[in-house]
Amino acid sequence: MIRVDTLDNGRVTALVLNRPDRRNALTPEGLSRLADAARAAADTSRALVLAGEGRVFCAGFDLTLCRESPDGAVMRELLRALSHVVRTLRNLPIPVVAAAHGAAIAGGCALLGGADIVVTDMHAKLGYPVLPLGVSPAVSAPFLMPAVGSGPARELMLNPALITGSDAYEMGLAHELVQEPGDVAARAQQIASELADKPAVGLAATKRLLNRLDRTDSDEIAREALDVSLALTGGDEERRLLPAGWARRST
Amino acid sequence: MSTLATLDIDGRTARLTLNRPDARNALSIDLLQALHARVDELANQDGVSVLVLTGAGKCFCAGMDLKAVLNDPDAPTTLLRLLADVAIKIRALPMAVIARVNGAAIGGGCGLTCVCDFCVTHADAKMGFPEVDLGLCPAVVAPWLVHKIGAGRARAILLRGGVMSGRQAHDAGIASHLADSLEQLDETVDELSSSLAAGGPGALGATKSLLNRLDGSLDRDIARHAADLSARILASDEAQRALRARFGTD
Chain A
1 MIRVDTLDNG RVTALVLNRP DRRNALTPEG LSRLADAARA AADTSRALVL
51 AGEGRVFCAG FDLTLCRESP DGAVMRELLR ALSHVVRTLR NLPIPVVAAA
101 HGAAIAGGCA LLGGADIVVT DMHAKLGYPV LPLGVSPAVS APFLMPAVGS
151 GPARELMLNP ALITGSDAYE MGLAHELVQE PGDVAARAQQ IASELADKPA
201 VGLAATKRLL NRLDRTDSDE IAREALDVSL ALTGGDEERR LLPAGWARRS
251 T
Chain B
1001 MSTLATLDID GRTARLTLNR PDARNALSID LLQALHARVD ELANQDGVSV
1051 LVLTGAGKCF CAGMDLKAVL NDPDAPTTLL RLLADVAIKI RALPMAVIAR
1101 VNGAAIGGGC GLTCVCDFCV THADAKMGFP EVDLGLCPAV VAPWLVHKIG
1151 AGRARAILLR GGVMSGRQAH DAGIASHLAD SLEQLDETVD ELSSSLAAGG
1201 PGALGATKSL LNRLDGSLDR DIARHAADLS ARILASDEAQ RALRARFGTD
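The listed protein sequences correspond, in order, to chains A and B. Letter by letter, the first sequence follows residues 1 to 251 of my numbering. Letter by letter, the second sequence follows residues 1001 to 1250 of my numbering.
Please keep in mind that the hints were generated in silico from the structure rather than gathered at the bench. Heads up, a few of these hints could be off.
If you want the footprint, here are the derived chain B segments under chain A, 3+ residues with CB under 8 Å [to be verified]:
no., segment
1, 1124-1137
2, 1143-1152
3, 1157-1164
4, 1229-1237
Calculated from the model, a selection of chain B residues having no Cβ within reach of chain A, i.e. all distances over 12 Å [what the hints assert, rightly or not]:
no., residue
5, 1036
6, 1213
7, 1247
Beta-carbon label-pair distances, calculated as ranges [said to hold, decoys possible]:
no., chain 1, residue 1, chain 2, residue 2, range
8, A, 93, B, 1033, 30 to 38 Å
9, B, 1246, A, 183, 30 to 38 Å
10, B, 1205, A, 218, 30 to 38 Å
11, A, 190, B, 1043, 46 to 54 Å
12, A, 183, B, 1012, 50 to 58 Å
13, A, 190, B, 1184, 33 to 41 Å
14, A, 231, B, 1190, 54 to 62 Å
15, B, 1001, A, 183, 56 to 64 Å
Since we're looking at a predicted model, the values are computed, not measured. Note that beta-carbon positions come from the ideal geometry of N, C-alpha and C, so glycine has one too.
If we strip away everything but chain A, and leave its shape as in the complex, we get:
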């Protein structure tokens, strides 16, 4: 479910979401393995790449898992695991570069909140089309808002419409834009190798201070945001609206 690639003589580790037949849909176990692999990589490498196998980076949660769980138990597991992995990535002492090719949607877009640098392609689809499913993207807000600013964050989280990679670059959600989806991973690896060349102590201290300045190091804020998303799970609205999600994704 998560492939670990060692690159650049071990100086860079790539963690690859590896479920291409399901557009790398996220499961609680996959997210939890991703967090473990990220922590392990920080002990051995100087930079981390987060990527997806196949045509897209990640289409979001595997909502078909929620079908057998009308009380919302699986959705809660997914949300907790997502919050955990984003915080883990953000608080690693090494820089994280995300290769968001093709699509980074809902939970997939939320993963970008853990990255320091995001690479995407011009025509990629990104966004949070989850409110129509009765799900709140609040869990991502503490990471998304500092990345793009309050106004754009509101727009992105409240409007379910998807944006393009070019829009994401303009907005500051992505920091590097390439033409073709097939070039995203290579560009991300190149940036990671450049970062791996820099003295590690200064880089880690800089990242830690930035996390403090934008408050993405705060467990309290992350917890509060997660609780907002958790509070809706298993409720009437979600029960009524969520089936549209797995109908769409089980194709």
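Mind docking chain B on chain A? Use the hints.
The following block gives chain B in isolation, referenced to the frame of chain A:
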């Protein structure tokens, strides 16, 4: 009176010049002390609506004078706290402050441009934050870049290090105004400066003060924390090795 920073007042516009051109206006302890004194004078000056901050000679400011602090264990903390404190003082000035980036603005020098309300640069001016390339931590300037361009973009720039052109700095939001060449810089500065001086100084000061409050940029605790972090990393083995290699002293 030290001439490492000079102040000229002409009607409603003042000009503050970093004046150490033989050292590319690098920020030494002496220069920063002179800068403090000039900013204190300005704070008590009535009738000035616009301040232009610039550098003498070909550079705006090449950054911290790192060579001078290489062999003195106490100097980094003194130097970085002086910079952190003067940045807050400049931010708190009631007049509109314009950075006139006549040439390279690197590291702490680029940080100073972010403290200003406006930054006018030219297409070929060299700007940026190469601290992490040298094993240093740009903590002392990080809060100012975050206020200027937002936390996400600041993160990408500070972690990747390197330098950029004035045009790229303008695209990144670090510079508010861009002149096509150095020759056209003053025209752009003068135009902005007259437009700012036309406003009511009371309204301008009140607006600026609110903006400072909203973005929390006068927070001394975070500024001190950041300065001490930069000083601590500057004193680390990794950074000292990189600096000795750079300055060719062993």
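So, going through the hints one by one against the coordinates:
| no. | hint | in the structure |
| --- | --- | --- |
| 1 | 1124-1137 | holds (count 7) |
| 2 | 1143-1152 | holds (count 5) |
| 3 | 1157-1164 | holds (count 4) |
| 4 | 1229-1237 | holds (count 4) |
| 5 | 1036 | 24 Å, holds |
| 6 | 1213 | 16 Å, holds |
| 7 | 1247 | 16 Å, holds |
| 8 | A:93 / B:1033: 30 to 38 Å | 36 Å, holds |
| 9 | B:1246 / A:183: 30 to 38 Å | 35 Å, holds |
| 10 | B:1205 / A:218: 30 to 38 Å | 34 Å, holds |
| 11 | A:190 / B:1043: 46 to 54 Å | 48 Å, holds |
| 12 | A:183 / B:1012: 50 to 58 Å | 53 Å, holds |
| 13 | A:190 / B:1184: 33 to 41 Å | 36 Å, holds |
| 14 | A:231 / B:1190: 54 to 62 Å | 57 Å, holds |
| 15 | B:1001 / A:183: 56 to 64 Å | 58 Å, holds |
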